[in-house]
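Go ahead and model the full structure; you've got the sequences and the hints to work with.
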Amino acid sequence: MKKSPKIALIGNPNAGKSSLFNSLTGLRQKTGNFPGVTMDKLIGKWKLETGDEAEILDLPGIYSIYPKSMDEQVVINILANPKHPDYPDLAIVVADASNLKRNLLLFSQVRDLGIPTVLALNMIDVAENQGVVINSVKLARELNVEIAEVNAKKGIGLNGLRLAVNKTLASGYNSNDSLPMSYSKELVEEIKEKYGDTDDYHALLWLSEHDNLRQFNTQQRVGFDALQEKYGWITQEAQSKETMARYAQLNEIVDNCLHEMPVEEEPVNTWTDRLDKIFLHRFWGYFIFLGILFIVFQAIFTWATYPMDLIDGGIASLNEFLKTQLPDSKLTDLLTDGLISGIGGVLIFIPQIAFLFLFISLLEETGYMSRVMFIMDKLMRRFGLSGKSVVPLISSIACAVPAIMSTRSISSWKDRLITIMVTPLMSCSARLPIYTVLIALVVPETSSLFGIFNLQGVALFALYLLGFFVALFSAWIMKLLLKVQERSYFIMELPSYKGPRFSHVAITILNSTKAFVFEAGKIIVAISIVLWVLASYGPGDAIEQAEIKVKAENPTLSGIELDNKIASQKLENSYAGVFGKVIEPAIKPLGYDWKIGIALITSFAAREVFVGTMSTIYSLGGEVDDENSTVMNRMRAEINPATGKPMYDTALGFSLLIFYAFAMQCMSTLAVTYRETKSWKYPAIQLFYMTGLAYISAFIVYQVLK
Amino acid sequence: MKTKPMKTIADLKIGERGVIVNFTDQGLSLKLLEMGCLPGTQVTMTHIAPFGDPIAVKVSGYVLSMRLNEASTIVVA
Numbered sequence: 001m002k003k004s005p006k007i008a009l010i011g012n013p014n015a016g017k018s019s020l021f022n023s024l025t026g027l028r029q030k031t032g033n034f035p036g037v038t039m040d041k042l043i044g045k046w047k048l049e050t051g052d053e054a055e056i057l058d059l060p061g062i063y064s065i066y067p068k069s070m071d072e073q074v075v076i077n078i079l080a081n082p083k084h085p086d087y088p089d090l091a092i093v094v095a096d097a098s099n100l101k102r103n104l105l106l107f108s109q110v111r112d113l114g115i116p117t118v119l120a121l122n123m124i125d126v127a128e129n130q131g132v133v134i135n136s137v138k139l140a141r142e143l144n145v146e147i148a149e150v151n152a153k154k155g156i157g158l159n160g161l162r163l164a165v166n167k168t169l170a171s172g173y174n175s176n177d178s179l180p181m182s183y184s185k186e187l188v189e190e191i192k193e194k195y196g197d198t199d200d201y202h203a204l205l206w207l208s209e210h211d212n213l214r215q216f217n218t219q220q221r222v223g224f225d226a227l228q229e230k231y232g233w234i235t236q237e238a239q240s241k242e243t244m245a246r247y248a249q250l251n252e253i254v255d256n257c258l259h260e261m262p263v264e265e266e267p268v269n270t271w272t273d274r275l276d277k278i279f280l281h282r283f284w285g286y287f288i289f290l291g292i293l294f295i296v297f298q299a300i301f302t303w304a305t306y307p308m309d310l311i312d313g314g315i316a317s318l319n320e321f322l323k324t325q326l327p328d329s330k331l332t333d334l335l336t337d338g339l340i341s342g343i344g345g346v347l348i349f350i351p352q353i354a355f356l357f358l359f360i361s362l363l364e365e366t367g368y369m370s371r372v373m374f375i376m377d378k379l380m381r382r383f384g385l386s387g388k389s390v391v392p393l394i395s396s397i398a399c400a401v402p403a404i405m406s407t408r409s410i411s412s413w414k415d416r417l418i419t420i421m422v423t424p425l426m427s428c429s430a431r432l433p434i435y436t437v438l439i440a441l442v443v444p445e446t447s448s449l450f451g452i453f454n455l456q457g458v459a460l461f462a463l464y465l466l467g468f469f470v471a472l473f474s475a476w477i478m479k480l481l482l483k484v485q486e487r488s489y490f491i492m493e494l495p496s497y498k499g500p501r502f503s504h505v506a507i508t509i510l511n512s513t514k515a516f517v518f519e520a521g522k523i524i525v526a527i528s529i530v531l532w533v534l535a536s537y538g539p540g541d542a543i544e545q546a547e548i549k550v551k552a553e554n555p556t557l558s559g560i561e562l563d564n565k566i567a568s569q570k571l572e573n574s575y576a577g578v579f580g581k582v583i584e585p586a587i588k589p590l591g592y593d594w595k596i597g598i599a600l601i602t603s604f605a606a607r608e609v610f611v612g613t614m615s616t617i618y619s620l621g622g623e624v625d626d627e628n629s630t631v632m633n634r635m636r637a638e639i640n641p642a643t644g645k646p647m648y649d650t651a652l653g654f655s656l657l658i659f660y661a662f663a664m665q666c667m668s669t670l671a672v673t674y675r676e677t678k679s680w681k682y683p684a685i686q687l688f689y690m691t692g693l694a695y696i697s698a699f700i701v702y703q704v705l706k
Numbered sequence: 001m002k003t004k005p006m007k008t009i010a011d012l013k014i015g016e017r018g019v020i021v022n023f024t025d026q027g028l029s030l031k032l033l034e035m036g037c038l039p040g041t042q043v044t045m046t047h048i049a050p051f052g053d054p055i056a057v058k059v060s061g062y063v064l065s066m067r068l069n070e071a072s073t074i075v076v077a
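Those protein sequence lines, which keep their order, are chains S and G. For the first sequence, the residue numbers in full-length UniProt numbering are 1 to 706. For the second sequence, the residue numbers in full-length UniProt numbering are 1 to 77.
None of these hints come from the bench; they were simulated from the model. Just so it is clear, the structure is predicted and the values come from calculations on it, not from any experiment. Hints should not be assumed to be uniformly reliable.
What the hints assert, rightly or not - In silico lysine to aspartate or glutamate, DMTMM-like type, Cα no more than 20 Å apart, as pairs:
no.	chain 1	residue 1	chain 2	residue 2
1	S	K277	G	E16
2	G	K58	S	E260
3	S	K277	G	D53
Okay, here's the thing in structure tokens:
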């Protein structure tokens, strides 16, 4: 027996796999990536009976080993390839006892792959409530497998599971010797001869699924195609026949081990039934969905601002403290205006991201999200999307990168592609600080709508809605342009409502926030430093000359006014200023000057640097005092040299808001689009259509409001 | 000769039951089988989405949603 065996958790979606994973490993888990794909891989440690630590791998939920979508494909790529680094030494198949036959189908397939398998029977209480009593001792004997009865959510039965795993690991593989369906031995022998020795079931799996298995190269795939032709193998037919044969076998076994008690005819009015009457209602369903979204935004705008103000103020006072304590030098400036401002720009996101993931994971955990898909499917289909597009679209109010990855559950390529293309139009959390700052500048804080809603919150909600409707509109255009006839389907489970597992919610928030801080944070901090350099140095000696020039031109000025004049003169002559000036003619019609131009240039890598850039631009050399220390106040104080009025007036504010709402300014999103579509064509289209849309819309807004 | 159109899940009304007889679409049948829609299984129509599509049925102890055009490939008696 291996010292640290690899154990894979396999099961139907909603069978309680993730609950079991959390119960087994607690917080001792980490996320990684499956080799070659970007899907999150959850690994945890579990102490076995022998004292050895097993490595537990939580695989995405599947209904069978024949994948219908990209996320299911990940599991098959591991199970089909015994040489895969994640290939398990043992599989725990988690089965929902209240839906035993369907769950055992997957179990029988996994076991026939020759993987030592333990069956964890979950949700026995649910089955019993439905009047179904399972004789698990008998079932274990008939299936020839170790069975552990568990309650994954409460963490009951883990010791029994430990014993079952131990027994199975010690005894190795004990399976039924023969597969339930008939197949050509000759064909299987030929596969083994050509592709290496393996068991019959692996050979047949390779034959059916070779096109999607990463372990085979093109030449090998052509070989499989030839074999299919030679033996008249029709994959779909063979898989249907196998499924029927397995069910026939399982029916007999399950009927022997299952005792059904008579229950009342029309089963009790369960909580799920009652809630569905409201949530799936033709009016209240949509009303509640919109209401939930609205509450989410109001809450984020008001609750998240407290910790955000604290972070903002904390960074400002830290900078002030360092500036007074450290010697006045370039190095101090780099530390305060460059590095710490940059880190502050990352940290300030944390409250909002945490709140967004809190709401999204709550909606998913409780089972509400699949109801949203159900009531939205028909509407979304008109726009070339699917009900399943709702989850990526909602997730992308947190971040488009995981949202685009979550489109893998959409089985139709056309639906999936359109969803990927329009998802970045949804306002992600990186736009939130930009919206926050600009809305605060142009929408009065004190006014309210109907005396209840904060008008700034309403403006924020309107921007999110705008993103959503423009995404729908773009999807509709793409639906007309993409001439692919492909079947999409919507066969999915509506799970019963469950109370959220708060530990699971907490883990999701923790992992997502961590990923953001370290992944996006790296880019933001790096850009902040580059920006500081570009803003502090310039071509020739123009920067050194700036002070002399200003003093010569304005002999009467002194104090803060003089310092500000010098600072802006210096910035204008820096590299950043030069770049900003180069693009100024292009952005002038939108109402922007070269300072905003600098922010636009840096935002093309990642839009979240906008606020950081603004604070760098407006803080350079400026006096740091309490009154003037936040970015917002500095921007508010900025005067348009042409008019003498405040720079950030309504026209400019809304023009910038619209630009940032639509423009494609995120390298990570472009990279993930490339990875998911395997073509540079789609990220290129995304970049041009979104940015074009942003430019034209911002132009119209500015010209109308001016 | 015109045959009487077969009754499918798409024809069921809310609360109405049927027993699956067979499938008219080979491509969809595998997915449906894997989801527990076996010939001989009883289904009950439980929900129809606000615009008439998709629908949800209770089958082997859980609720399964599908679009009307998918439901119309499952013949019931």
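Non-conforming hints, listed in increasing numerical order: Those not satisfied: there are none.
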